[in-house]
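Please model the complete structure; the sequences and the hints are all you need to start from.
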Amino acid sequence: MTDQFFGLFNRFHASALHVLTTPLIDIELYMSSALGLAVNKIWCFIPKTSILCLDFLVVRMSPSIALSDRPREDAHIEQPDVDDVEPNPDGGYGWVVIVVCFIHTFWQNAWTGSWGILQVALLKTTLRGSSSSTVSFIGALGIALSCALGIFTIRFARIIGARWTSLIGILLYSISNIVSAWAVSNVGALFIACGFMYGLGACLMYTMSNSLPIQWFSTKLGTANGIVKLGGGIGATVMAIVTSVLTDKLGIVWTFRIFGLLSLVTGVPPAFFIRERVSSQRSFEIDWSLFKNVAFSFLFASGVVGVFSIYAPPFFLPAVTASLGFSDWVSAGVVACFNACMAIGRLTSGFACDRFGSMNVLLLTMAVNAVTMFAIWSFASTLAVLIVFSVINGLANGSFFVALPTAVGRLAGERRGAGAVSIALTGWAPGLLVGNPIAGFLIDATGASSSHSIVPYRPAIFYVAGTAVLSLTFVVAARLSVDGRVARKL
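Under our numbering, the first residue of the sequence shown is numbered 956, with each subsequent residue one higher.
If you are wondering where the hints come from, they were derived from the structure by calculation, not from laboratory data. Careful, some of the hints might be misleading.
[Stated by the list, open to error] So the derived label-pair ranges between C-beta atoms look like this: (1) S1406 / V1051: 48 to 58 Å; (2) V1343 / H1407: 19 to 29 Å; (3) S1405 / T1080: 11 to 21 Å; (4) R1230 / H1407: 51 to 61 Å; (5) R1083 / V1054: 41 to 51 Å.
Beta carbons: idealized from backbone N, C-alpha and C, even for Gly.
Here's what the structure looks like:
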């Protein structure tokens, strides 16, 4: 029954998408669509073997047909793209590229993981007259742009290559922090420096860090992605503690300056070691026909909804701990614990993706994410419960950033993988842009910041937990659309 349902859904989905994208489709796809329609009309009058032959012909005529649109027995999610000519080396110089991506992801997530602390420092000092939702929106804009410009970055990389794209990214990132030091008293200037400039620089680095491993790794893609994202976890953990010390001892201005100078010194030289195994013209392409793949569409939807819940804990844990009466040092420690567990989750989920399948890991990740928010965070009135939440949710939270890109990359294959991941990450932008501000609005509306209880925070917690449940639903649908057998590695 499951196979029949998804078979019918797959036909409807592909037909609807064809109507919407007809002006963009080339003559070859017109021919294949016409032939597919003819087969649909006469299939009942032709022997089964002939139907299979014609169906095979339709698949071969259109090189952009998605993997799940082929016969089910050939649609194994873990197989590489059939257009790959040379197998991935699964190592070699690829490990050097992974180290560079590790460093750049370190700095990109160092800012993200520390923004909650920077936000509190700004509200206590230079922006005391501003609301938490407004300042939260500055960080949300930067994080949203780091994904929203992913498709632009892929097209940009096709022109100048991955090395120069990453180099420009780390330079923009460093400059944005240095400029932010002169903009700490002006909300509008912070939107430009922390929002737009950081977002653009981070997007150039982040897109390349998600795309380059696909060129070098296949069976070890999960491990490679896990190591790259481990850099982000370490950056968020270490720099959260460093940021707390710097804002306390030196102030917010020098904190931004140190961020910029350190990233400039440690991030620029490694960028020159980036090497592409496949030319930019071949590897960095956007193929919109991926949306004909039902599994890809569901994975895309799970990411679009899931990010509404992903960044809420590191952004608002400092505010929660402060409301419960704990010191700034305790707040920084809770955030550091969360970020450390995120780092562990990123690394271990990479190995798990290679061992058990990336879709299976993603499904478990979103399930744990939803349960911990409903069952633990909403009742976290003591430090012990907050730490338990930080550990478990941090592990699941970190796994999301590895499992989803790995699942998408394996589904699309090497040739289309970079573009597929960029499309998926671009879909995160709405959630990154408005997800935390909505939570911040709910916190302001309930007066939670001035309370001494977890209860006023529950509307915001239930809101982000609900988005996690919806994301989980899409992951389950993607998993079942590929194979209904629960025990299979996918």
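- Query: Does the hinted range 41 to 51 Å hold for R1083 and V1054 at CB?
  - Reply: The hint (41 to 51 Å, Cβ to Cβ) holds, given that R1083 and V1054 are roughly 42 Å apart.
- Task: Starting from the hint 19 to 29 Å, judge whether the C-beta atoms of V1343 and H1407 obey it.
- Result: Holds: the Cβ-Cβ distance is about 20 Å, inside 19 to 29 Å.
- Using the Cβ atoms, figure out if S1405 sits within 11 to 21 Å of T1080. 19 Å, holds
- Should the hint that R1230 and H1407 are 51 to 61 Å apart at their CB atoms be regarded as holding? About 55 Å separates the Cβ atoms of R1230 and H1407, which means 51 to 61 Å holds.
- Message: If I claimed the Cβ atoms of S1406 and V1051 lie 48 to 58 Å apart, would that claim hold in this structure?
- Response: For S1406 and V1051 the Cβ distance comes to about 51 Å; the hint holds.
The earlier numbered hints are all upheld by this structure, with none contradicted.
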